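Q: What follows is each chain in one-letter form.
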Amino acid sequence: MTPNDQRATPLDAPPDIESQMPDAAPDRASQDAPVGATAREIAVSTDRRPVPSELTARAVRLKNVNAYYGDTHAIKGVSLDYAPNQVTAMIGPSGCGKSTLVRCINRMHEEIPGARAEGEVLLDDLDVNGSNVDVVAVRRAIGMVFQKPNPFPTMSIFDNVAAGLRLSGLRGVDMRERVERSLVGAGLWDEVKDRLSQPGVGLSGGQQQRLCIARTIAVEPDVILMDEPCSALDPIATLKIEDLIQELKERYTIVIVTHNMQQAARVADTTAFMLMGELVEHAPTDKIFSNPGDSRTEEYVTGKFG
Amino acid sequence: MSTVAQTRLPRVSPRRRRADTIARGVVLAFTLIAVVPLVLILYFLIKEGLGAWSGDFFTTDPTGRFLGDPGGIRSAILGTIEMVALASVIAVPVGVGVALYLVEYGKVSRFANVVRYFVDVMTGVPSVVFGLFVYIVLVVTKVAGTFAAWKGSVALALLMLPVVTRSAEVVLNLVPNSLREAALALGAPRWKVVFRIVLPTALPGIVTGSLLAVARAAGETAPLLFTAAFVLGANADLSQRMNSLPLQIFNDVGQAQDRLVQRAWGAALTLVLMVLVLTLIARLIQRRSKLAA
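So the sequences go chain by chain: E and P. Reading the first sequence from the start, the letters are residues 1 to 306 in this note's numbering. Reading the second sequence from the start, the letters are residues 307 to 599 in this note's numbering.
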C-alpha cells in the first residue's frame with residue numbers, strides 16, 4: 001500500500017472500488033482542498049490482504065454531535081475520538097444515547113422517520129455529513145453489526161456474505177475468494193464450509209451473528225460499529241465474538257456498544273461512558289473501571305445505578 | 307400444600323356451569339346455521355353440475371340454437387382465463403408498485419395516507435360500479451370499437467387493484483425492519499434494498515394475495531356485463547367481444563329450457579373448481595412462506 005497505488009474514485013461514479021482513500025497519502029497535512037471537494041472522494045478500499053503490520057484503519061472523530069428524534073434531544077454535543085485499530089466501548093444506562101450516537105457515525109440515524117443529526121463526524125478528514133457525500137459510500141466505509149443477528153432470510157450462507165458486495169455494486173471481485181476470506185475472518189468458515197448453499201437463517205444465533213460480521217467485513221470497511229452484538233447470544237457464543245473482535249481490530253477501527261461492563265473490560269482499549277445524551281468520560285478502559293475521573297462514572301461502573 | 311389450596315379455592319358453582327353450557331350451545335348453533343347454506347350450495351352445485359359435465363361440455367362452444375344441441379362452455383372457460391390473465395398483468399404490477407410506494411417511500415406522509423384511504427374505499431366499491439365506469443369511459447365513447455374483451459379486463463383489473471395493493475402492503479409491512487437496516491448499513495442504495503431484500507422476502511405473501519384477487523376477479527359477472535358483453539364462439543382476440551363463465555351462467559339461467567339451466571350448473575361447478583384450485587395454490591405458497599404471520 002504505497003501512495004502511488006492510490007487512485008480516487010468519485011462517490012457517485014459507478015462503483016469500481018479498486019481505489020484507496022486519497023487522504024491515506026502521507027502528506028495528509030498538506031491537504032488544503034475544501035472539505036466538500038475532498039469528501040467527494042471517499043471510496044472503499046478493497047485490497048486488504050491480511051498483513052496486519054502494514055495496515056492501518058481510519059480514525060473517527062466526532063465534533064459536537066447533536067441528535068434528535070422529533071423534539072427529543074437525544075445526543076447533546078458529544079465530541080469523541082475513536083482511535084484507529086482500537087476497540088472503543090460505549091457504556092451507559094438504557095436510553096443514554098449510546099446506540100443513537102453510534103448510528104450517527106454511519107448515518108443510519110437519519111433512516112428513522114423524524115430523526116436528524118447535527119455536528120461533524122469525521123472519517124479521517126472527511127465529514128460524512130458533508131453536503132455532497134454519498135451516504136451509500138459512507139456506509140460501505142463504516143460497517144455495522146446489529147443487536148439481533150439479521151441474516152437475509154431468502155439467501156444462502158454464501159449469498160448472505162456476498163450480499164454486501166452485490167448490493168453495493170462492487171464488481172471485479174472474486175466472489176468465492178472474498179466470501180471464504182470473510183468467513184475465515186469471522187471465524188465461521190470451518191463450521192459452514194460444507195453447507196454454503198444452505199439458508200443463513202438455519203444457523204444458530206451465535207453463528208448467525210458471526211455470519212453478519214462476515215457479511216460486514218466482506219465489504220472491507222474501515223470502521224465496524226457493533227450495537228450490542230452479543231446481547232442476544234449465550235456466553236459461549238459471546239466469548240467467540242469477543243475473541244473475534246480482538247482479531248478484527250488489527251484491521252479495523254471498532255466501536256462496540258454494550259450493556260455488559262465485563263464485556264467492555266474484556267474487549268475494549270478505551271471506554272466511553274454516556275449519561276442522558278451526554279458524554280461523561282472517555283478514557284483507557286483500565287482507568288474507567290479502576291480510577292474513573294468522574295464520580296458519575298464511578299457510581300455507574302460500581303453498580304450504584306443503571 | 308395442595309390440600310390447603312384446594313380447600314381454600316371455592317368450587318365452580320352449578321350456575322356458572324349451566325351458563326357455560328348454554329353459551330357453548332348458542333355459539334355452536336350459530337356455527338351450524340352458518341354452515342348449512344354453504345353445504346347446501348356445494349351439494350346442489352355438485353348434484354346438478356356433474357350431470358351437465360361431459361367430454362363435449364368442455365370442448366364445444368355454445369351453439370345458441372333454441373332447439374337441439376345447446377353446445378358446451380369452451381368459449382366461456384377460455385374467455386375467463388384470457389380476460390383474467392390480462393387483468394392480472396395490469397393489476398398485479400401496479401398494485402404491488404403502489405404497496406411498495408406506501409410501505410417503503412410514502413410511509414406516514416399525507417399523500418400516502420390519502421392513497422391508503424382511497425384504496426380502502428375502492429375495496430368496498432361494488433363490482434357493478436367498475437363495470438359501469440368502464441362502460442361509460444371506454445365503451446360508450448367507442449374507444450377502438452364498442453364491446454371488447456380488453457375493456458372487460460380493465461374493469462376486472464380495477465376491481466383487483468385495491469385487493470392486490472392492500473394484501474401486498476400488509477405483507478411488506480411484515481418484512482422486519484432489521485433486514486432493511488442490515489442492507490442499508492452494508493451500503494446498499496434504497497432501490498436495491500427494496501428489490502433485492504424486501505421484495506424477495508415478501509414474495510410468497512404477495513403471490514398469495516394476488517392469487518386471491520385473481521380468484522375473486524374470475525367470478526365477477528357485473529364488470530364484464532357491459533364491457534366484454536356476450537358472444538357464443540371462442541376467440542383469442544382481446545379486441546373482440548368475449549364469452550366468460552359468469553356471463554354464460556347469467557345468460558343460461560334466464561332461459562326457459564332445462565338443458566340450458568343445466569349448462570349453467572355445469573359452468574358454475576367449473577368456475578367454483580377453478581377458483582378452488584387458485585385458493586389452494588395460494589394456501590400452499592403461504593404455508594411455505596418464511597414470514598410466518
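No lab work stands behind these hints: they were computed from the structure. There's no promise every hint is true.
[As the list claims (entries may be wrong)] Some chain P residues well away from chain E (every beta-carbon gap over 10 Å; in silico): (1) Pro-316; (2) Arg-317; (3) Asp-367; (4) Pro-482.
[Claimed, not checked] Listing some non-contacts, in silico: residues in chain P with all C-beta distances to chain E over 10 Å: (5) Phe-350; (6) Glu-354; (7) Leu-356; (8) Val-400; (9) Lys-413; (10) Thr-447; (11) Ser-484; (12) Leu-485; (13) Glu-487; (14) Leu-492; (15) Pro-495; (16) Leu-518.
[Unchecked claim] Here's a subset of chain E near chain P, in silico, CB distances under 7 Å, partners left out: (17) Arg-140; (18) Ser-168; (19) Arg-171; (20) Gly-172.
From a predicted model like this one, the values you see are computed outputs, not experimental measurements. Beta carbons are placed, not taken as given, at the ideal position from N, Cα and C, and that holds for glycine.
Q: Evaluate each hint against the coordinates.
A: Status of each hint after checking the structure:
With a least CB separation of 44 Å from chain E, Pro-316 of chain P remains clear of the 10 Å interface cut-off, as annotated. Its beta-carbon lying about 46 Å from the closest one in chain E, Arg-317 of chain P satisfies the requirement of being farther than 10 Å from that chain. Under the 10 Å C-beta cut-off, the non-interface status given to Asp-367 of chain P relative to chain E holds; the minimum distance is some 45 Å. With a closest Cβ-Cβ approach of about 7 Å to chain E, Pro-482 of chain P is found to fall inside the 10 Å limit, against its non-interface label.
For Phe-350 of chain P, the requirement that its beta carbon stay farther than 10 Å from each beta carbon of chain E is met, with the minimum near 45 Å. With 10 Å as the threshold on Cβ separation, the claim that Glu-354 of chain P sits away from chain E holds: the shortest Cβ distance comes to roughly 46 Å. Every CB of chain E lies more than 10 Å from the CB of Leu-356 of chain P, the least distance being 43 Å, so the non-interface label holds. With 10 Å as the threshold on Cβ separation, the claim that Val-400 of chain P sits away from chain E holds: the shortest Cβ distance comes to roughly 24 Å.
A beta-carbon of chain E is positioned within 10 Å of the beta-carbon of Lys-413 of chain P; the least distance is around 6 Å. Distance check for Thr-447 of chain P against chain E: the nearest CB is about 44 Å away, which clears 10 Å, and the non-interface claim stands. A beta-carbon of chain E comes within 10 Å of the beta-carbon of Ser-484 of chain P; the shortest separation is about 4 Å. Consistency note on Leu-485 of chain P: stated as away from chain E, yet its beta-carbon is not over 10 Å from all of that chain's, at 6 Å minimum.
Its beta-carbon lying about 7 Å from the closest one in chain E, Glu-487 of chain P breaks the requirement of being farther than 10 Å from that chain. A Cβ of chain E approaches the Cβ of Leu-492 of chain P within 10 Å, the least distance being about 4 Å, so the stated non-interface status is violated. Distance check for Pro-495 of chain P against chain E: the nearest CB is about 5 Å away, which does not clear 10 Å, and the non-interface claim fails. Annotated as non-interface, Leu-518 of chain P keeps its C-beta farther than 10 Å from every C-beta of chain E; the closest such distance is 22 Å.
At its closest, the beta carbon of Arg-140 of chain E sits 3 Å from a beta carbon of chain P; the interface hint therefore holds under the 7 Å criterion. Checking Ser-168 of chain E against chain P: minimum C-beta separation of about 4 Å stays under 7 Å; hint holds. Below 7 Å, beta-carbon pairs count as interface contacts, and Arg-171 of chain E has none with chain P, the closest being about 14 Å; its hint is therefore violated. Contact between Gly-172 of chain E and chain P, as hinted, is not supported at the beta carbon level, the nearest pair being about 16 Å apart and thus beyond 7 Å.
Going through the hint list in order, the structure does not satisfy hints 4, 9, 11, 12, 13, 14, 15, 19 and 20.
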